[in-house]
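Listed below, chain by chain, are the residues.
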Amino acid sequence: MQPHDAPASFEGTPAHRLLKVVDGLTFALGDTPPERCAWLAPGSESVVPDLPWGAVLTGPGQPTGRDDRPAIEAGSDDSGADLGETDALPRVRLAHAAAAAPGDVIELLPERGRIRTRYRRGANANTLFATERCNSFCLMCSQPPRQVADDWRVQDMLDVIALLDRDTPELGISGGEPTLLGDGLVDVLRACRERLPDTPIHVLSNGRLFGKTGLAGAIAALKHPNLTWGVPLYADVASVHDYVVQSSGAFEETVRGLLVMASKGLSIEIRVVLTAPTVARLPALAEFVYRHVSSAVHVAFMGLEPIGFALANRDALWVDPEDMAKSLTQAVHHLANRGMTVSLYNLPLCVLPAELRPFARRSISDWKQRYLDACAGCAARDACAGFFEWVKPGWLPRGIRPLNAHEVAEA
Amino acid sequence: MSNKDLSFAIQHCEAAHSVVQRTAHRFSGRYSLSVEAGDGWSVVRLIGLVDDPERLEREFHAALLDDVLRARVEAETAPLRLLIVEAALRSALRDPDAGA
Amino acid sequence: MKFRPPEAFQPPTATGYRLLPFRFGRLPSRPDEVLVTGDSGRFAFLSDTDFRAFANHRLDPNATLTLDLEGLDLLYRGDGPIPLDRHAVAWRTRKAFVLEGPTLHIFVVSLRCHHSCQYCQVSRQPEGGAGFDMDEATARAAVDRLFESPARQLTVEFQGGEPLLAFDRIRGIVEDVAERNRTARRTITFVLASTLHGVTAEQLAFFREHRFELSTSLDGPESLHNLNRPTPTRDSYARTMAGVATAREVLGNEHVNALTTLTRASLTHPEAVVDHYIEQGFSSIFLRPLSPYGFAKRGLARQGYSTAEFLAFYRRALAYLIRRNLEGHAISEAYATLLLTSILTPFAHGYMDLRSPAGAGLGVLVYDHDGKVYPSDESRMLAAEGDERFCLGSVHEPHRDLMLSEPMQAILAAGLTEALPGCSDCVFQPYCGADPVDAYARQGDVYGHRPTSAFCARQTGMFELLFGYLREGDPDVVRVFQSWVRRRSPKEMRSERPVVFHAAA
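Going down the list, the sequences are from chains B, X and C.
Numbering of the first sequence is given in our numbering, commencing with residue 10 and proceeding in unit increments.
Numbering of the second sequence is given in our numbering, commencing with residue 1225 and proceeding in unit increments.
Numbering of the third sequence is given in our numbering, commencing with residue 3 and proceeding in unit increments.
No lab work stands behind these hints: they were computed from the structure.
Bear in mind that the values here come from a model prediction, so they are computed numbers and not experimental data.
Hints are not guaranteed to be accurate.
What the hints assert, rightly or not - Residues from chain B that keep clear of chain C, each with C-beta distances beyond 12 Å, as calculated:
#1 33
#2 134
#3 142
#4 195
#5 276
#6 325
#7 338
#8 364
Unchecked claim - Capping the alpha-carbon separation at 25 Å, the derived lysine-lysine pairs in PhoX-like fashion look like this:
#9 C:4 x B:401
#10 B:335 x C:97
#11 B:273 x C:97
All C-beta atoms in this analysis are idealised placements derived from N, C-alpha and C, irrespective of residue type, glycine included.
Starting from the given sequences, assemble the full structure and let the hints guide the process.
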């Protein structure tokens, strides 16, 4: 899940590649020095405040202020504003005005003529990317791993964290397998606790290293006030789980990791991607989770994302939601009856049995979500997860249809 | 016709003496019993009002078969049970820092 | 990237599988099936044929049944050493109470009582009697013993006679406990076991201030209750209900609970007993059979009944309770709830009389009015009848000495179902418990004799009944059972049909 890139043209060389996008209000309310900010010129007539900005951003068709200076009108504030100074600032012209907004954290990539959004204020999901490495190779991996030495990402994440809004509503950390960063991950979590103490952090991890290293203890010692670990579990037996993650021994390591995490008081969420091999044993998995991870704060059953490795393994993985309805209902009810919090992600409401709709969430990140023509007139749209941007034939459930108001009220 | 007591023999190849004792114990609420070990045999005597001796003997043998299986399963799994309980009481999870 | 097929992750067929510790047995209602129970409480019903294949290592290692049993922690298919962590954690979770020390501390503040119940377990003294109340020195020493327990959650229960007759002592103890708890910082629950006759507003205000749970005896409709519980004024029922009503007003319904004691007269009226509890607004009923203790023993001939009679009553009562729940009345049966908690959750139920190791002395301590300490209510009853063998010592002795006493050693030696004949290989062992004091009282020695034990017969009957329901799998019944275990209304439970029967196909 790499964040969005957008085309841009550059003038001058920025000293810092990671910048916080600011307007007057954001700058005034924030604590980021101007060298680390990208001033977003709000309009063609605007004056860039005289500060050593990391860069000045403009939209398409706007004067950059360098070769198209705004006319200086009589009586305008001329208090030491030296246009010669602002001339020296790096300039970035965005191809689309909406590519950056105040509060965002962007990465300037002049060598590629692009900017990359590392954090989008107001998005329903923001994630830090920890590493491309992984110790599993799931059949449906949406971020196919690469064996690269990317420990530099620790510092990169620390740099991004330094620029985030202090009131960031939530932050994810994902990869690859974040625990492969070892102490680096601990450093990142410490920085989150220090700079963003009120921001819930959600880390996706297979948990395998927690049973083999002292990592769980080191993380528990941080005493982060709101840290949850999303750990996938795909069966109640090793042979099926190991097959799905394509790694022998993975199940035993993950289960042991979960036990260690629980014993150290780490907050656990169990994530279950709904593929054919997993759905075949779903109720048994539900009972396994209840018996062995009863302290889990949440269980998420997730519709399959048609991306990455999943595309190569469609025949082994795809189950139509209609065909999994009975098993899914059994598993969800089993856990809910035992006091566990359950959610359904990435499944449109129309293909779920009515009794499961209350568990469904609008889970797909804004920037990769869409609805279909078939959704026209649906009364449940606002509450529905919809589909992935890249959904295609072969990955569409059979029963897609607009729900009427009556059906929505029943939920 | 009710007999006063019922007596039968069980070969040790069918069931060890200790297993026969266990099965006999199950019936010790309904009858007085004796179980004696002989040369390759255990002799079981049930004393009391035995209405249907054939049925009782069948019942005993059915229970004995289950107990033979229990003894075998116990022999197979007792070491594991001990390890599990020891691990549970010592500390349920060995500290990963301490090494395997 | 080359993806490997499922076969690449299956253990080689030749390896077969290893058995994990389990016990097995059969329900009389299903002689062709075998119930298998693991040490952690997971269970499965198998056909006789499948069971034999399983136990004799003849199951196909890749069959669905084999995978099911592996997921249930009953076998293991990999080669190499079996990873024990989750089994150890599961076992430890069920036995967590062992590490807590005594959590229930019963203070017998007075033996005086206004009733003369034929089945009294309590060995009462008349209301005006002298010398039957706990004095201050004893009370303070008992509170010393209380805080010697390492448990973070403690329950202090006041019993008698009728403890309200010694209300000042109760107040003294509560205040002493509260004061010392300012440094000890435990979570302490106060319970009062009382007829609630004549409970005053002042007393209720005090109970409310300290968030007491009140427990009273209610045997059923008025005629039945008064028959069982005679008072000189013959109005026990009315006075109890009046006490209940006032108590509910001050403390709230949830904090006023009732127990029944079932006599021969009660047994013919299961529906009436249940309906009466529903009418009176109780959310829980504890169908408790008669104990062979105290004054109860004398009335046994007239009042008593066999285990078979009790089980017949209980079966009817449970079926009726389930029906009433489905009709919308959220009322649980407390004993079934304990057993179901043990069967359906990873946790132990916590009931003192049904633990292994036994709860007596290890989980509960009784401080009698005269300063003697007992490991359970029942052992105090025996002492009141003249048999002091279970007295652990004096309340002025430290906890350690009480635990090293001879009676405590006897309880420990006979207190593990894992090691008792008739229990160690019982299919219900993971959910049952040992009660050496009961064994001694009923059968003459602390080990007991399972084939003639009424305790065992009753437990077995109840487990067979509950497992019978679970095997049948009626979703409505399952929903009611889950609502009891979760302490919710059946309406809040969603339909489920857990698979308990596993087949090779």
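To see whether the hints hold, each was checked on the structure:
1. Residue placement check: residue 33 of chain B keeps its beta carbon more than 12 Å from all beta carbons of chain C (closest about 50 Å).
2. Once the 12 Å rule is applied to beta carbons, residue 134 of chain B is consistent with being away from chain C; the minimum gap is 27 Å.
3. For residue 142 of chain B, the non-interface assignment is confirmed: its Cβ lies about 14 Å from the closest Cβ of chain C, beyond the 12 Å cut-off.
4. With a cut of 12 Å on Cβ distances, residue 195 of chain B stays outside the contact zone with chain C, its closest approach being about 24 Å.
5. Taking the minimum C-beta to C-beta distance to chain C, about 18 Å, the non-interface status of residue 276 of chain B holds against the 12 Å cut.
6. Residue placement check: residue 325 of chain B does not keep its beta carbon more than 12 Å from all beta carbons of chain C (closest about 8 Å).
7. For residue 338 of chain B, the condition that its CB be more than 12 Å from all CB atoms of chain C is violated, with the nearest at approximately 8 Å.
8. The claim that residue 364 of chain B is not at the interface with chain C is violated, since a C-beta of that chain comes within 12 Å of its own (minimum 7 Å).
9. Of the pairs offered as hints, the one joining residue 4 of chain C and residue 401 of chain B holds, with about 24 Å between alpha carbons and a cut-off of 25 Å not exceeded.
10. Taking the CA atoms of residue 335 of chain B and residue 97 of chain C, the gap is near 35 Å; set against the 25 Å cutoff, the hint is violated.
11. Between residue 273 of chain B and residue 97 of chain C, the direct Cα distance comes to roughly 20 Å. Compliance with the 25 Å bound is thereby established for this hinted pair.
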